[in-house]
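Take a look at the letters that make up each chain.
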Amino acid sequence: MFKYFEPNKIFSVTSKAPKYVLILFIVVLSIGLVEALILSPEDYKQSHSVRIMYVHVPAAWISLGIFSTITFLSIVGYIFKIRNFFLISKSLAPSGFVFNVIALVTGSIWGKPTWGTWWAWDARITSMLILALFYALYLVAWRIYEDKDKAFKITTIITILGIINVPIIKYSVDWWNTLHQPASINILSKSSIHVSMLFPLMIMTAAFALFSLLIFLMKYNTELIKIKNKGLNRL
Amino acid sequence: MYGRKVKLRFFFIILILLTLILSTFLILKSLEENVVYFQSPTEIKALYEIDKKKIRIGGMVKVNSISMAAKEIKFIITDFKNEINVTYSGVVPNLFTEGKGVVAEGYLKDKNFFLATKILAKHDENYMPPEVKAALEEK
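Those protein sequence lines, which keep their order, are chains A and B. If you're matching positions, the first sequence starts at 13 in the numbering used here and goes up one per residue. If you're matching positions, the second sequence starts at 16 in the numbering used here and goes up one per residue.
Be a bit skeptical, because a hint or two may be false.
Claimed, not checked - Straight-line alpha carbon distances no greater than 20 Å define the calculated EDC-like cross-link-like pairs of lysine to aspartate or glutamate that follow:
id, chain 1, residue 1, chain 2, residue 2
1, B, Lys60, B, Asp125
2, A, Lys182, B, Glu152
3, A, Lys57, B, Glu146
4, B, Lys77, B, Glu64
5, A, Lys202, B, Glu140
6, A, Lys57, B, Glu140
7, A, Lys21, A, Asp186
8, A, Lys182, B, Glu140
9, B, Lys44, B, Glu58
10, A, Lys182, B, Asp139
11, B, Lys115, A, Asp186
12, A, Lys242, A, Glu158
13, B, Lys115, B, Glu140
14, B, Lys44, A, Glu235
15, B, Lys22, A, Asp161
16, A, Lys57, B, Glu152
17, B, Lys115, B, Asp94
18, A, Lys124, B, Glu140
19, B, Lys20, A, Asp186
20, A, Lys231, A, Asp186
21, A, Lys124, B, Glu120
22, A, Lys57, B, Glu98
23, B, Lys124, B, Glu64
24, A, Lys202, B, Glu120
Hints listed in this document are in silico derivations from the structure and should not be mistaken for laboratory results.
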């Protein structure tokens with residue numbers, strides 16, 4: 013399969029890409045922020061505090077998406093011994109962790125004016141905190157193990173342990189009584205967010221995804237440069 | 016096709032996943048009582064004996080049930096099957112209103128009376144501008 017990849021070829025693409033991604037990110041983020049903070053209406057019940065949603069929800073989505081991606085890549089990489097997949101996972105993880113923390117912090121800021129508390133040990137919030145711990149474990153594991161093969165194995169195991177938590181996060185609000193409200197957006201049924209609020213939410217999600225891509229490309233380039241410096245033509 | 020090692024690694028991953036999913040499911044199933052954030056009035060009525068510990072009950076604030084005395088707020092939590100009278104003294108969150116979700120933390124006096132020490136507002140998954148809400152109510 014992709015066992016034999018050439019770092020030079022990939023690097024020639026990934027070293028130029030960040031420039032364009034950055035420009036696109038700034039454009040999309042500006043549109044998103046204007047929509048979310050100025051143009052979108054206030055909520056009938058929460059009034060202006062609903063605007064925290066435009067940061068909170070995309071951040072949570074991206075952190076879940078990235079964790080699922082690095083798990084998939086790690087498992088496939090482990091089974092077929094594709095070392096490139098581990099480098100991609102390693103480069104993706106930091107932005108996933110940052111968005112996970114952002115989701116927790118903005119959730120706390122949102123909780124105070126609406127629920128009346130900064131923190132509640134309900135199933136959704138606790139499982140999201142556990143995901144952040146798994147991200148931390150994953151990132152620390154890469155720093156501890158100098159030996160690449162060892163690091164590949166350990167990080168794969170961490171992602172497998174952590175992925176069990178992802179469906180729990182998703183369905184926690186349906187399976188148990190939680191303080192957190194159920195999902196507003198469903199693929200199969202009509203969403204319970206008004207269109208005028210759904211639009212900025214989608215733009216902000218795109219902006220956050222672009223930011224993750226930007227950080228990913230920068231991290232990935234560093235990994236490729238490390239390989240080149242070692243004088244290897246392939247992994 | 017693939018080598019023996021690849022197949023072995025594949026089965027190894029599948030086995031780990033199956034073991035984890037099954038054990039997590041069993042653990043969560045047996046811990047269900049502790050995982051829930053609050054109990055409904057119906058679950059309180061079904062209790063065999065009243066717990067002296069601090070618990071949380073949740074449901075809707077019954078319409079026209081809030082009465083404010085000097086320091087005390089009294090209201091009824093309902094899940095549209097059973098009701099519980101709640102007494103509370105303190106500040107309530109902004110979103111605490113009649114007909115909306117609420118979680119009360121405190122102690123049960125008996126199966127009908129609850130002494131709350133903390134009130135949290137629970138909001139639903141509907142988001143819309145005030146004009147849309149007004150238009151919906153006119154219908």
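### Task
Would you mind confirming whether the straight-line C-alpha gap from A/Lys182 to B/Glu152 stays at or under 20 Å?
Given pair A/Lys182, B/Glu152 is violated - Cα atoms ~32 Å apart, limit 20 Å.
### Message
For a C-alpha distance cap of 20 Å, please report whether B/Lys115 and B/Glu140 respect it.
### Response
12 Å, holds
### Query
Taken at face value, is the distance from the CA of A/Glu235 to the CA of B/Lys44 at most 20 Å?
43 Å, violated
### Task
Given the hint that A/Lys57 pairs with B/Glu140, test it: the Cα-Cα distance must not exceed 20 Å.
11 Å, holds
### Query
Are the Cα positions of B/Lys115 and A/Asp186 separated by 20 Å at most?
Roughly 19 Å separates the two Cα atoms, so the pair holds.
### 20 Å Cα cutoff - pair A/Lys21, A/Asp186
47 Å, violated
### Query
Under the criterion that the straight-line Cα-Cα distance not exceed 20 Å, is the pair A/Lys202, B/Glu120 satisfied?
34 Å, violated
### Query
Keeping to a limit of 20 Å between CA atoms, is the pair of A/Lys242 and A/Glu158 held or broken?
15 Å, holds
### Query
B/Lys60 and B/Asp125: Cα distance at most 20 Å?
Roughly 10 Å separates the two Cα atoms, so the pair holds.
### Query
Are B/Lys22 and A/Asp161 close enough, with their CA atoms no more than 20 Å apart?
19 Å, holds
### Query
Between A/Lys57 and B/Glu152, is the straight-line Cα distance small enough, at 20 Å or below?
Judged against 20 Å, a Cα distance of about 14 Å means the pair holds.
### Message
With the threshold set at 20 Å, check whether the alpha-carbon distance from B/Lys77 to B/Glu64 stays at or below it.
### Response
25 Å, violated
Taken one by one, the earlier hints fail for this structure at numbers 2, 4, 7, 14, 19, 20, 22 and 24, listed in ascending order.
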